[in-house]
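A.B. asks: Below, each chain spelled out in residue letters.
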Amino acid sequence: MLKHCKYKALLISTTIISIVITSIADKAYALNLGKNNTLRIHGFLSQGYLKSDNNHFFGNSDQKGSLDYNELGLNASYAPSEKLNFAGQLLSRRAGKTDDGDIQVDFALLDFRLINKSNYNFGTRVGRIKNPFGFYNDTRDVSFTRESIIIPQSIYFERTRDISISSDGVEIYIQRNFTLGSATLQFLVAQPRVKNLNTKLALFRQDQPGDLEPKPSFITRLAFHPFSSAFKLAYSNIRLHAAFEPDSGGSNDINFTSNIFSLNYAYQSINFTAEYALRTTEFAAVNKKQTGQSYYLQLTQHLSHRWNIFSRYDVLYQNKNDKNGKKYALSSTSAPAHSRFAKDLTVGAQFIYSKSWMFRLEAHYVNGTAWLSSRDNPDLMDTTQKWRLLSLLVAYRF
Amino acid sequence: MYCIEKSVTLLYPPLIHKFMRKLLFTFTSLLLLLLASSPGASQEIVVNASLPFNDVTQTQLRSIFSMRVRSWSNEKPIKVFVLSSDSKLHRDFCLRILEVFPYQLQRIWDVMLFSGTGSTPIEVKDERMMLEQIANNPGSIGYVKSLQGEMRNVKTLQIQSAPY
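Protein chains in written order, with the numbering used here: chain W, 1 to 398; chain R, 1001 to 1164.
Fair warning: there could be bad hints in the mix.
Said to hold, decoys possible - To give an idea of the chain R side of the interface with chain W (calculated C-beta under 8 Å), a few residues: (1) S1073; (2) R1091; (3) Q1104.
These aren't lab readings, by the way, just hints derived from the structure by calculation.
Note that beta-carbon positions come from the ideal geometry of N, C-alpha and C, so glycine has one too.
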């Protein structure tokens, strides 16, 4: 199934990249250990390989497989005092036709910690801020911080990344240590990044003549870590607002609401994570409302400090009142019933060679195509309901 | 283990059957090795001598090393020093003193770093550098295998058994 030449291509590209990066990394470390350790520079890089038996994910994965998936990030932070911190990250990401590798400002913020006590922190962040929701969104493009090559697609869609990853605005945060544990509240007021084709495609299935305009939106996350046990709990609430202004005139409000419940439990070498989300998209002008449902369960076993294996069951329904998409298919000629759901069973393994190098392998067995991008799969009627995906990833960080 | 293997085989008959079997075999061997490895070496918590306390609880240590608590109870800022997460001493410190897996701590730091929401501990090359930094930075904390003899500006913290 995996052609020999693909291994070769992967190896060659990885080697070249690693040589370049290692030479840069040595210089970067020098900065890190500089005077007072106030300026810090870090980075990450990953290259993936995907092979599917049907359908396209991150490029033409169904033929010889796709190498069209990589992430490259450069991160800098500067803390002139205990209360002030500047932080920013540039990101270049290629992922099939949904991401072209252009360098983007992932975040760029000023963090001002107004109160900094041993059991109580309060402060504000201004600028482009990572959207605080769920366990993984804040660092979803850094492979070292994920559990898998492909992040659970039911909650962290790739189709709508631009609005998901970060937004421009102001965040207030409060962190408090109680006797029982530590609680953190984040509240973000921002303009969502809706002015792009990916968001339009996610909303309308096809490009529409007109512009999406952002409106003030809100994201709240409350997280709790009890001291006495290894639980981590979080609740996130997302309220995104935008207006679609068709070229033909007028303006239609679009509201997106989501509630996400997250739970993580670490018992010795076992790590269990589950997240559940309800998402409602409302097109005010036509009085159309649709609620989707998502969840996943994930179990990771750390076999040693180098090896871990994981399995995950990830489920996405576009409309919880039409889970199998049959009602939808009756009135649609452009997308089949199986484009309304996706159930993904994944097994994978990770090998950590050192703090800087990591390798992953995972296999997906998917029923449904709800999280496939229509940019990689232009004719959704031509997609296959049951498909498999095998993926390899090598990642480096400094 | 057999169950996992069986379900994998059912899902991917020709594709990774052989490979997964090898993989699972490796995992099982590694697991056994892990269980057989003996405990041993102790570690000591070291702080700058100007700190007006002599003991600390495990909960406080976890909060300090996960960078959730950023100042001492006298409101002086905490400066955290660690060794590379590749080092055995760091792993032993996480497992035996903090009783958390090193990957858990690394994950917390990585999320702060790569989302711009917090600062991470300062990594030093070896124990000698650790002691040098602790001696020169008021409010600093770190760990060494053992503190041999008198060291100027550095003292050890005792870990209290009280839960909080």
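A.B. asks: Quick one, is the R1091 of chain R hint okay against chain W at 8 Å, beta carbons?
C.D. replies: Status holds, d = 6 Å.
A.B. asks: So, as I understand it, the hint says Q1104 of chain R touches chain W; can you test that by seeing if any CB pair is closer than 8 Å?
C.D. replies: It holds, given that the least Cβ distance between Q1104 of chain R and chain W is near 6 Å, below 8 Å.
A.B. asks: Can you verify the interface hint for S1073 of chain R: is its Cβ closer than 8 Å to any Cβ in chain W?
C.D. replies: Holds: closest Cβ of chain W sits about 5 Å from S1073 of chain R, inside 8 Å.
Going through the hint list in order, the structure satisfies each hint without exception.
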